[in-house]
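Chains as they are written, first to last, in my numbering: chain A, 1 to 169; chain B, 170 to 553; chain C, 554 to 989.
If you're looking for bench data, these hints aren't it; they were derived computationally from the structure. Hints should not be assumed to be uniformly reliable.
Straight-line Cα separation of at most 27 Å, DSS-like style, residue types lysine-lysine; simulated pairs [claimed, not checked]: (1) C:Lys601 / B:Lys220; (2) C:Lys601 / B:Lys369; (3) B:Lys215 / A:Lys166; (4) A:Lys28 / C:Lys643; (5) B:Lys388 / A:Lys166; (6) C:Lys955 / B:Lys388; (7) C:Lys955 / A:Lys166; (8) C:Lys955 / B:Lys215.
Pulled from the structure, derived: some chain C residues nowhere near chain B, Cβ distances all over 12 Å [said to hold, decoys possible]: (9) Tyr557; (10) Leu562; (11) His703; (12) Ile707; (13) Ala765; (14) Phe850; (15) Thr870; (16) Phe950; (17) Leu984.
What the simulated footprint calls covered on chain C by chain B, stretch by stretch (three residues with Cβ under 8 Å from a Cβ of chain B suffice, anywhere in the stretch; the number is not a length) [said to hold, decoys possible]: (18) 613-626; (19) 645-658.
All values reported here derive from a predicted model rather than from experimental measurement. Just so you know, even glycine gets a beta-carbon here, dropped at the ideal spot from N, CA and C.
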Amino acid sequence: MQPVATTFFFYLLAGLALLGGVLVITRKNAVHSALALILTLLALAGLYLMLYAPFVAGVQIILYAGGIMVLFLFVIMLVSIEKAQREEQFNRQWVVGLLAAVALGALFVFVYVKGSALFPERMMLPPESSNTQEIATYLYGDYLFAFEIASLLLLVAIIGAVVMAKKRI
Amino acid sequence: MPDATKYLSHLELGQPDKTFLDSNELIINMGPQHPATHGVLRVILKLDGEKVLGTECVIGYLHRGVEKIAENRTYTMFNPYVDRMDYVAAVSNGLGYCQAVEKLLNVEAPPRANYIRVILTELNRLASHMLWLGTHALDIGAMTPLFYTFRDREEILKIFEKYCGARLTTHAFRIGGCLYETYEGFEKDVESFVRFVRPKIDEYEGLLTTNRIWLERTKGVGVISGGDCIALGVTGPVLRASGVKWDIRKAQPYANYPEFDFEIPTGQNGDTYDRYIVRMREMRQSLRIVEQAVNKIPEGPIMAKVPKIMKPPVGEIYHSIEAPKGELGYFIVSDGSTQPYRVRVRPPSFVNLQALDLMVRGQLVADVIAVIGTLDIVLGEVDR
Amino acid sequence: MLDYITSYLRMDATPGQAGNIFWIVVYIFVVFGGVSLAVVAMNWLERKALAHFQVRLGPMRVGPHGLLQPIADAIKLFIKEDIIPAQADKFVFWLAPLIILCAAFTTLIVVPFGPTHAITDVNIGILFMLGVSSLSVLGIVMAGWASNSHYPLIGALRSSAQMVSYEVAMGMAVVSAILMTSLSGFGAFGIGGAEPGTGTLSMIGIVQAQQAQHVWFIFKFFPLGFVALAIFAVAMVAETNRAPFDLPEAESELTAGFHTEYSGLRWSLFMLGEYTAMIAVSSIAVTLWLGGWLRPFPNGLSGETWDLIFSLFPGLTFLFLAAACFYSTARMPKHPYFRIQTMGLGAFGAVLGLIGIVLFVPAVRDRIQDIYWFVAKVAVFMYLYIWYRATFPRYRFDQLMKVGWKVLLPMGIGVLIVTAAVGISPEMLALLRHGH
Numbered sequence: 001m002q003p004v005a006t007t008f009f010f011y012l013l014a015g016l017a018l019l020g021g022v023l024v025i026t027r028k029n030a031v032h033s034a035l036a037l038i039l040t041l042l043a044l045a046g047l048y049l050m051l052y053a054p055f056v057a058g059v060q061i062i063l064y065a066g067g068i069m070v071l072f073l074f075v076i077m078l079v080s081i082e083k084a085q086r087e088e089q090f091n092r093q094w095v096v097g098l099l100a101a102v103a104l105g106a107l108f109v110f111v112y113v114k115g116s117a118l119f120p121e122r123m124m125l126p127p128e129s130s131n132t133q134e135i136a137t138y139l140y141g142d143y144l145f146a147f148e149i150a151s152l153l154l155l156v157a158i159i160g161a162v163v164m165a166k167k168r169i
Numbered sequence: 170m171p172d173a174t175k176y177l178s179h180l181e182l183g184q185p186d187k188t189f190l191d192s193n194e195l196i197i198n199m200g201p202q203h204p205a206t207h208g209v210l211r212v213i214l215k216l217d218g219e220k221v222l223g224t225e226c227v228i229g230y231l232h233r234g235v236e237k238i239a240e241n242r243t244y245t246m247f248n249p250y251v252d253r254m255d256y257v258a259a260v261s262n263g264l265g266y267c268q269a270v271e272k273l274l275n276v277e278a279p280p281r282a283n284y285i286r287v288i289l290t291e292l293n294r295l296a297s298h299m300l301w302l303g304t305h306a307l308d309i310g311a312m313t314p315l316f317y318t319f320r321d322r323e324e325i326l327k328i329f330e331k332y333c334g335a336r337l338t339t340h341a342f343r344i345g346g347c348l349y350e351t352y353e354g355f356e357k358d359v360e361s362f363v364r365f366v367r368p369k370i371d372e373y374e375g376l377l378t379t380n381r382i383w384l385e386r387t388k389g390v391g392v393i394s395g396g397d398c399i400a401l402g403v404t405g406p407v408l409r410a411s412g413v414k415w416d417i418r419k420a421q422p423y424a425n426y427p428e429f430d431f432e433i434p435t436g437q438n439g440d441t442y443d444r445y446i447v448r449m450r451e452m453r454q455s456l457r458i459v460e461q462a463v464n465k466i467p468e469g470p471i472m473a474k475v476p477k478i479m480k481p482p483v484g485e486i487y488h489s490i491e492a493p494k495g496e497l498g499y500f501i502v503s504d505g506s507t508q509p510y511r512v513r514v515r516p517p518s519f520v521n522l523q524a525l526d527l528m529v530r531g532q533l534v535a536d537v538i539a540v541i542g543t544l545d546i547v548l549g550e551v552d553r
Numbered sequence: 554m555l556d557y558i559t560s561y562l563r564m565d566a567t568p569g570q571a572g573n574i575f576w577i578v579v580y581i582f583v584v585f586g587g588v589s590l591a592v593v594a595m596n597w598l599e600r601k602a603l604a605h606f607q608v609r610l611g612p613m614r615v616g617p618h619g620l621l622q623p624i625a626d627a628i629k630l631f632i633k634e635d636i637i638p639a640q641a642d643k644f645v646f647w648l649a650p651l652i653i654l655c656a657a658f659t660t661l662i663v664v665p666f667g668p669t670h671a672i673t674d675v676n677i678g679i680l681f682m683l684g685v686s687s688l689s690v691l692g693i694v695m696a697g698w699a700s701n702s703h704y705p706l707i708g709a710l711r712s713s714a715q716m717v718s719y720e721v722a723m724g725m726a727v728v729s730a731i732l733m734t735s736l737s738g739f740g741a742f743g744i745g746g747a748e749p750g751t752g753t754l755s756m757i758g759i760v761q762a763q764q765a766q767h768v769w770f771i772f773k774f775f776p777l778g779f780v781a782l783a784i785f786a787v788a789m790v791a792e793t794n795r796a797p798f799d800l801p802e803a804e805s806e807l808t809a810g811f812h813t814e815y816s817g818l819r820w821s822l823f824m825l826g827e828y829t830a831m832i833a834v835s836s837i838a839v840t841l842w843l844g845g846w847l848r849p850f851p852n853g854l855s856g857e858t859w860d861l862i863f864s865l866f867p868g869l870t871f872l873f874l875a876a877a878c879f880y881s882t883a884r885m886p887k888h889p890y891f892r893i894q895t896m897g898l899g900a901f902g903a904v905l906g907l908i909g910i911v912l913f914v915p916a917v918r919d920r921i922q923d924i925y926w927f928v929a930k931v932a933v934f935m936y937l938y939i940w941y942r943a944t945f946p947r948y949r950f951d952q953l954m955k956v957g958w959k960v961l962l963p964m965g966i967g968v969l970i971v972t973a974a975v976g977i978s979p980e981m982l983a984l985l986r987h988g989h
């Protein structure tokens, strides 16, 4: 299947992701920030699609945008945010922040300038039609142990949350 | 929102355990206008999240001063007023009042009048329970039984209309007996109605009794023990569902109930499901009584000899009957004149409503609505 | 230009896969228009069917037998005053119904009405549908929050908690159905024949797997497929916030629903989104378990005559509907007031009959088959939705969550494990027997 208008879509999605990112940190209202983050995540899902990784895109939408962000919104709405909004915005470590931002920017510029020379010769281009199967083969084959450890970690987190939220065991 | 906590200070509600995820304690108001409070009842709820910590009922929105009016009407003139109290079961109200005044006057209604009274009262019990079933199921979410029960209740109301001209506030009885003779075809109508409605009751039971969702919504909800019922003075199906076998038709019989063969259904757990079962069984027992009565209505007069101007001797009387909602009592004080000195009505819904607080403590908000429905209150009776 | 348009007709793929923008747009319009029409029809059907369940008639005045009632409702909602609560967040208030609507309609992109009759077919089809429908939770939360009122917020949080919980159970049921696509041995109830195939997540691929395996997944490994469908059927009712799982939006409860503060057009967008979501999840159920666009017994009763017999069904359906219209027309009261209604109903019946006759034409008949069977199966699910609403009382919220987490999820996991065990049992047996 032939990809359609790749450049246009790339710039569109990247622009949306950047816009979302900027909005996250500039909005005063926490709910607006969360919504902007959702915009960024959806744009990222689109970028994954363009990288021939449909499974990752689907999972990004289901879990990240549809699950984790809902949780974010729950917390923001349940916890009274009026107090947080009236609090003073402090910015005492601006020097360190500036240095970190400059370093990150330098890294971006370096990667852009070097271009594709950074990547190894033989780059694996997984065929789009079996992305799910390939991921499954690796996940349940080579990386099974890591997978199980991750699920155990999540289980511990769930139990911890339940313990903290219940009034009596 | 005005602070309603002062209403609840007497309840001595403790503070819930505080954690860092402390849930809000809310005081919310199920206002007089609410689809599920069966009239103008205001319930103030103190909630901890979803759990009910305490309630306070604010009544009086339908108070019409009926008892005060009674002091300025003659005994016969007051008869239509009693229908308006429990407007769902008006015939029972009339029966109780007429029998109370007859006791004061020391007259007895003739046997034919008693038969007519019993048939109409039991039909009214059936109609009241049908309305209860429809509205209670609607509150819990089952929309359809409402329409079925109302359609079948129409048949009863048609019989009432043919008999005395009114469907709801019937004013069917007079002091000393009945005014109206049974109309042509009354027995046939009643018999065919009994045959018609038995499978309908089976239909209602088929929809709800073994429905898993109904069971989950009603079992264990609003439990009250028999001892608590007696302590609060709760009567009627609520009392019987908690295990106490007390029905005034058997315990202190009136009219000619001893002539009929019927049972008193009781429950064991005193929860909403048991009250539902008790009322369904009561519907069937009412049908039994009507069936037996309609076959052997004796001939004879329908009105005893009462003076035109009623001046009962000085004295007081308390007479109670088993209304569909509980013990309906009339305490009439006569001072020898044509107008009563005092008529005090003991409405079953008013006394039963006290049990609401006990029944919903610790339950969830959605159960409050189910419990109000299962108590089967009529605000006309609660407020008078 | 014309060549561009006609070149697609010679291809054997969905427009999205072919990359033909013209036909993509045409298909989008057709699907969205069709679904909107279905929502309108569903509105009417719900009121009429509910009424008939409750021994009443439902709308009868606006148009013959209330057929124009949805249009009257739409006009009323359009011209209503647009009220935004004071101090509500205007942007989020405006955005919430749009998110729900967009999420619901976007899922329709991959719904397969036929082997090439879908807007497109992504190879993560079912994952895409589940994911995008989970975005509607965001819309609900935003709607409740933007109303700036205590009760809608609680109602919204409850609705979204319910939807998220039942998504898990839905996912389990879906996974067990996807598992069946890779077990390509066929035989009675799908047992027998031991070659594992490649499973697929694509919607069209799932139906083609059912066709290749000669069994609808509802019957595969009976009763496993059936239990999986049952789990999904219950979860999808809870997912769309319909009875008996509609406590967050019931009128007689204390916390009103998330759409309380919405009036007029915005509220109708919520309803549109809700019905579209119902159609979308029903489409998932039909595709995964009921064979999608396949006619009954596509392999069992194959051949020219059986194909012909089954291809008569669309026309017969429309002729039956037309006959019902004519029967009602005959029974209309003969009063002059009803003249216009009678004529309208007769005309409607004539239109339906005409469509039915057109569907008998062989050229149309062969093409309409897939769409017809798919729509018929989805319509059955829609009717079930209405039936549930009329019959069942409502679950209390904690009982609702209990059913989702403690009943459906363990059942779903159990079905998945057993399906996997049964599915690979031929290989396991071969392994045990041959030892390699």
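Cross-check of the supplied hints:
Restraint check for C:Lys601 and B:Lys220: not satisfied, since their Cα atoms lie roughly 38 Å apart, outside the 27 Å limit. Only pairs whose Cα atoms come within 27 Å are accepted, and C:Lys601 paired with B:Lys369 is accepted, the gap being roughly 23 Å. In summary, the hint linking B:Lys215 to A:Lys166 is supported, as the alpha carbons are separated by about 21 Å, within the 27 Å threshold. A distance of roughly 15 Å separates the Cα atoms of A:Lys28 and C:Lys643; the hinted pair therefore holds under the 27 Å criterion.
Proposed proximity of B:Lys388 and A:Lys166 is supported: the alpha carbons are some 25 Å apart, at most 27 Å. A distance of roughly 16 Å separates the Cα atoms of C:Lys955 and B:Lys388; the hinted pair therefore holds under the 27 Å criterion. At roughly 16 Å between alpha-carbon atoms, C:Lys955 and A:Lys166 fall within 27 Å of each other, so this suggested pair holds. About 25 Å separates the Cα atoms of C:Lys955 and B:Lys215, which keeps this hinted pair within 27 Å; it holds.
The beta carbon of C:Tyr557 sits about 54 Å from the closest Cβ of chain B, which is more than 12 Å, so the claim that it is off the interface holds. Remark: the non-interface label on C:Leu562 is consistent with the geometry, its nearest Cβ contact in chain B lying 49 Å away (cut-off 12 Å). A Cβ of chain B approaches the Cβ of C:His703 within 12 Å, the least distance being about 8 Å, so the stated non-interface status is violated. For C:Ile707, the non-interface assignment is contradicted: its Cβ lies about 9 Å from the closest Cβ of chain B, within the 12 Å cut-off.
Distance check for C:Ala765 against chain B: the nearest CB is about 39 Å away, which clears 12 Å, and the non-interface claim stands. The beta carbon of C:Phe850 is kept farther than 12 Å from every beta carbon of chain B, the shortest such distance being approximately 35 Å. Consistency note on C:Thr870: stated as away from chain B, and its beta-carbon is indeed over 12 Å from all of that chain's, at 28 Å minimum. With a minimum CB-CB distance of about 7 Å to chain B, C:Phe950 fails to clear the 12 Å threshold, and the non-interface call is violated.
With a least beta-carbon separation of about 43 Å from chain B, C:Leu984 lies farther than 12 Å from that chain, consistent with its non-interface assignment. Residues of the segment 613-626 of chain C lying with their CB closer than 8 Å to a CB of chain B number 0, which falls below the three-residue condition for coverage. With 0 residues carrying a beta carbon less than 8 Å from a beta carbon of chain B, the segment 645-658 of chain C misses the three-residue requirement, and the given coverage is violated.
When held up to the earlier numbered hints, the structure conflicts with 1, 11, 12, 16, 18, 19 and fits the remainder.
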